[in-house]
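Undergrad: Sequence:
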Amino acid sequence: MAIDKIDVTKGITGTLPVASGGTGLTSGFVNGGGLTMADQWRVTTDFDGTVQPVINNWERCDGVAQASMGSAMANSSGVWTFPSTGFYYINFNCTARHDTDVRYLYVIIDATTNNSSYTDIAYGWGNIEPQSGDTYISPTAQSIVDVTDTANVKVRFGTNTGVGGLHWNCGSSQNLFTATFLRLGDT
61 MAIDKIDVTK
71 GITGTLPVAS
81 GGTGLTSGFV
91 NGGGLTMADQ
101 WRVTTDFDGT
111 VQPVINNWER
121 CDGVAQASMG
131 SAMANSSGVW
141 TFPSTGFYYI
151 NFNCTARHDT
161 DVRYLYVIID
171 ATTNNSSYTD
181 IAYGWGNIEP
191 QSGDTYISPT
201 AQSIVDVTDT
211 ANVKVRFGTN
221 TGVGGLHWNC
231 GSSQNLFTAT
241 FLRLGDT
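So the mapping is simple: the numbering used here equals the position in the sequence shown, first residue as 1, plus 60.
None of these hints come from the bench; they were simulated from the model.
Watch out, some of these pointers could steer you wrong.
[What the hints assert, rightly or not] Distance windows between CB atoms, simulated:
| no. | residue 1 | residue 2 | range |
| --- | --- | --- | --- |
| 1 | SER177 | ASN117 | 23 to 29 angstroms |
| 2 | GLY225 | SER177 | 28 to 34 angstroms |
| 3 | ASP106 | TYR164 | 34 to 40 angstroms |
| 4 | ASP180 | SER136 | 18 to 24 angstroms |
| 5 | GLN112 | GLU189 | 24 to 30 angstroms |
| 6 | GLY245 | TYR196 | 23 to 29 angstroms |
| 7 | SER131 | THR173 | 19 to 25 angstroms |
| 8 | GLY186 | ASP209 | 30 to 36 angstroms |
Even for Gly, the Cβ is constructed at its ideal location relative to N, Cα and C.
Hey, can you work out the whole structure from these sequences and the hints?
TA: Below, the structure is given as C-alpha coordinates:
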(Lines of atoms letter the chains of each structure in order from A; the text may use other names.)
(Lines give C-alpha, C1' and ligand atoms only; values in the text may rest on other atoms or scores of the structure.)
Protein backbone atom coordinates (compact mmCIF):
# COMPACT_ATOMS: atom_id res chain seq x y z
CA MET A 61 0.00 0.00 0.00
CA ALA A 62 1.41 3.37 -1.02
CA ILE A 63 1.30 6.30 1.40
CA ASP A 64 0.67 9.71 -0.11
CA LYS A 65 2.92 12.57 0.98
CA ILE A 66 1.25 15.55 2.60
CA ASP A 67 2.52 19.02 1.71
CA VAL A 68 2.18 20.87 5.04
CA THR A 69 3.39 24.15 3.54
CA LYS A 70 0.70 24.37 0.89
CA GLY A 71 -1.56 27.31 1.59
CA ILE A 72 0.24 28.33 4.82
CA THR A 73 1.62 31.83 5.20
CA GLY A 74 3.39 33.36 8.17
CA THR A 75 4.67 31.29 11.09
CA LEU A 76 3.94 27.58 11.15
CA PRO A 77 2.34 26.59 14.50
CA VAL A 78 4.33 24.31 16.81
CA ALA A 79 2.64 21.34 18.48
CA SER A 80 3.85 22.30 21.97
CA GLY A 81 1.99 25.59 21.83
CA GLY A 82 5.09 27.66 21.04
CA THR A 83 5.74 29.47 17.80
CA GLY A 84 7.85 28.39 14.89
CA LEU A 85 10.82 30.27 13.54
CA THR A 86 10.18 32.90 10.93
CA SER A 87 13.87 33.27 10.04
CA GLY A 88 17.31 32.36 11.32
CA PHE A 89 17.97 30.12 14.31
CA VAL A 90 16.36 32.31 16.95
CA ASN A 91 13.06 34.05 16.38
CA GLY A 92 14.13 37.70 16.09
CA GLY A 93 17.46 36.89 17.77
CA GLY A 94 21.11 36.73 16.87
CA LEU A 95 23.90 39.15 17.56
CA THR A 96 22.79 42.77 17.46
CA MET A 97 26.17 44.33 18.26
CA ALA A 98 29.79 43.44 17.51
CA ASP A 99 32.47 46.02 18.23
CA GLN A 100 36.25 45.70 18.23
CA TRP A 101 38.84 48.24 19.37
CA ARG A 102 42.64 48.27 19.36
CA VAL A 103 45.47 50.28 20.87
CA THR A 104 47.59 51.91 18.15
CA THR A 105 50.81 52.86 19.98
CA ASP A 106 53.22 50.47 21.74
CA PHE A 107 53.89 50.90 25.45
CA ASP A 108 55.85 49.24 28.26
CA GLY A 109 55.07 47.71 31.64
CA THR A 110 52.10 47.76 33.96
CA VAL A 111 49.18 50.02 33.05
CA GLN A 112 45.81 50.00 34.82
CA PRO A 113 43.58 50.99 33.16
CA VAL A 114 44.82 51.25 29.58
CA ILE A 115 43.68 54.76 28.64
CA ASN A 116 45.51 56.00 25.57
CA ASN A 117 45.37 55.46 21.81
CA TRP A 118 42.27 53.29 21.37
CA GLU A 119 40.63 53.20 17.93
CA ARG A 120 37.81 51.14 16.42
CA CYS A 121 39.28 48.47 14.16
CA ASP A 122 38.91 49.81 10.63
CA GLY A 123 41.38 47.91 8.47
CA VAL A 124 40.89 45.82 5.34
CA ALA A 125 37.65 43.78 5.61
CA GLN A 126 37.18 44.82 9.26
CA ALA A 127 33.81 46.11 10.39
CA SER A 128 31.53 46.71 13.35
CA MET A 129 27.83 46.02 13.77
CA GLY A 130 25.31 47.96 15.83
CA SER A 131 26.05 50.68 18.36
CA ALA A 132 29.62 51.40 19.41
CA MET A 133 31.12 51.03 22.86
CA ALA A 134 32.18 54.32 24.48
CA ASN A 135 35.58 54.79 26.12
CA SER A 136 36.31 57.62 28.55
CA SER A 137 39.71 57.56 30.31
CA GLY A 138 39.90 53.78 29.99
CA VAL A 139 36.38 53.15 31.32
CA TRP A 140 34.12 51.39 28.79
CA THR A 141 30.37 52.07 28.68
CA PHE A 142 27.95 49.68 26.97
CA PRO A 143 25.47 51.07 24.42
CA SER A 144 22.52 49.07 25.82
CA THR A 145 21.69 46.51 28.48
CA GLY A 146 22.19 42.81 27.76
CA PHE A 147 24.64 39.94 28.08
CA TYR A 148 28.01 40.76 26.50
CA TYR A 149 30.95 38.52 25.65
CA ILE A 150 34.24 40.39 26.14
CA ASN A 151 37.61 39.24 24.82
CA PHE A 152 40.80 41.14 25.67
CA ASN A 153 43.79 39.87 23.66
CA CYS A 154 47.27 41.40 23.72
CA THR A 155 50.73 40.74 22.34
CA ALA A 156 53.87 41.28 24.44
CA ARG A 157 57.58 40.78 23.88
CA HIS A 158 60.81 40.77 25.88
CA ASP A 159 64.39 39.60 25.34
CA THR A 160 64.99 38.27 28.88
CA ASP A 161 63.08 35.97 31.23
CA VAL A 162 59.71 37.26 32.38
CA ARG A 163 58.43 35.12 35.25
CA TYR A 164 54.88 36.41 34.84
CA LEU A 165 52.77 38.83 32.90
CA TYR A 166 49.02 39.15 32.63
CA VAL A 167 46.16 41.10 31.17
CA ILE A 168 43.07 41.98 33.22
CA ILE A 169 39.41 42.75 32.71
CA ASP A 170 37.94 44.74 35.63
CA ALA A 171 34.22 45.35 36.08
CA THR A 172 31.99 47.54 38.24
CA THR A 173 28.26 47.38 38.96
CA ASN A 174 28.16 50.75 40.77
CA ASN A 175 30.31 52.91 38.43
CA SER A 176 32.84 53.22 41.24
CA SER A 177 34.55 50.18 42.76
CA TYR A 178 36.15 47.72 40.32
CA THR A 179 36.82 44.01 40.72
CA ASP A 180 39.14 41.87 38.57
CA ILE A 181 36.86 39.43 36.71
CA ALA A 182 39.24 37.82 34.20
CA TYR A 183 42.97 37.29 33.73
CA GLY A 184 45.15 36.07 30.89
CA TRP A 185 48.52 34.87 32.24
CA GLY A 186 51.83 34.06 30.61
CA ASN A 187 55.59 34.04 30.96
CA ILE A 188 58.51 34.45 28.58
CA GLU A 189 61.64 32.29 28.38
CA PRO A 190 63.53 33.69 25.39
CA GLN A 191 65.80 31.49 23.32
CA SER A 192 67.48 34.28 21.38
CA GLY A 193 66.38 37.92 21.22
CA ASP A 194 62.77 39.02 21.58
CA THR A 195 60.20 36.35 22.37
CA TYR A 196 56.47 37.00 21.94
CA ILE A 197 53.36 35.93 23.83
CA SER A 198 49.64 36.72 23.43
CA PRO A 199 47.69 36.39 26.69
CA THR A 200 43.89 36.58 26.52
CA ALA A 201 41.28 37.37 29.19
CA GLN A 202 37.59 36.83 28.51
CA SER A 203 34.27 36.98 30.31
CA ILE A 204 30.53 37.31 29.89
CA VAL A 205 29.14 40.41 31.60
CA ASP A 206 25.48 40.97 32.50
CA VAL A 207 24.87 44.67 31.81
CA THR A 208 21.70 45.43 33.75
CA ASP A 209 22.31 49.19 33.89
CA THR A 210 24.49 51.05 31.37
CA ALA A 211 25.13 53.92 33.81
CA ASN A 212 26.67 51.61 36.44
CA VAL A 213 27.96 48.40 34.81
CA LYS A 214 31.28 49.19 33.09
CA VAL A 215 34.61 47.51 32.34
CA ARG A 216 38.29 48.48 32.10
CA PHE A 217 41.38 46.72 30.76
CA GLY A 218 44.85 46.52 32.25
CA THR A 219 48.31 44.96 31.98
CA ASN A 220 50.74 43.78 34.62
CA THR A 221 54.26 42.34 34.65
CA GLY A 222 56.88 41.31 37.14
CA VAL A 223 59.79 42.77 35.19
CA GLY A 224 60.73 46.13 33.71
CA GLY A 225 60.95 46.63 29.98
CA LEU A 226 58.15 44.28 28.96
CA HIS A 227 56.88 45.71 25.68
CA TRP A 228 53.19 45.59 24.63
CA ASN A 229 52.90 45.52 20.84
CA CYS A 230 50.15 47.63 19.30
CA GLY A 231 49.29 48.85 15.84
CA SER A 232 46.86 50.77 13.67
CA SER A 233 46.69 48.28 10.80
CA GLN A 234 46.74 44.90 12.63
CA ASN A 235 44.99 43.65 15.74
CA LEU A 236 47.78 43.17 18.27
CA PHE A 237 46.21 44.67 21.41
CA THR A 238 42.42 44.39 21.12
CA ALA A 239 39.16 44.42 23.02
CA THR A 240 36.17 42.69 21.41
CA PHE A 241 32.57 43.18 22.56
CA LEU A 242 29.67 40.98 21.37
CA ARG A 243 26.11 41.52 22.62
CA LEU A 244 24.73 37.99 23.02
CA GLY A 245 21.16 38.84 23.98
CA ASP A 246 18.80 40.53 26.40
CA THR A 247 19.43 40.52 30.13
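Undergrad: Each of the hints needs a verdict: does it hold here or not?
TA: A quick look at each hint next to the structure:
For the pair SER177 and ASN117, the beta carbons lie near 26 angstroms from each other, so the given range of 23 to 29 angstroms is met. A beta carbon spacing of about 32 angstroms between GLY225 and SER177 agrees with the range 28 to 34 angstroms that was offered as a hint. Here the CB-CB span from ASP106 to TYR164 is close to 20 angstroms, at odds with the stated 34 to 40 angstroms. Take ASP180 and SER136: their Cβ atoms lie about 20 angstroms apart, and the range 18 to 24 angstroms holds.
Taking the beta carbon of each, GLN112 and GLU189 are about 25 angstroms apart, inside 24 to 30 angstroms as hinted. Hint check: GLY245 to TYR196, Cβ distance near 36 angstroms, so the stated range 23 to 29 angstroms is violated. At about 21 angstroms, the beta-carbon gap between SER131 and THR173 stays in the expected band of 19 to 25 angstroms. Hint check: GLY186 to ASP209, Cβ distance near 34 angstroms, so the stated range 30 to 36 angstroms holds.
Violated hints for the displayed structure, listed by number in ascending order: 3 and 6.
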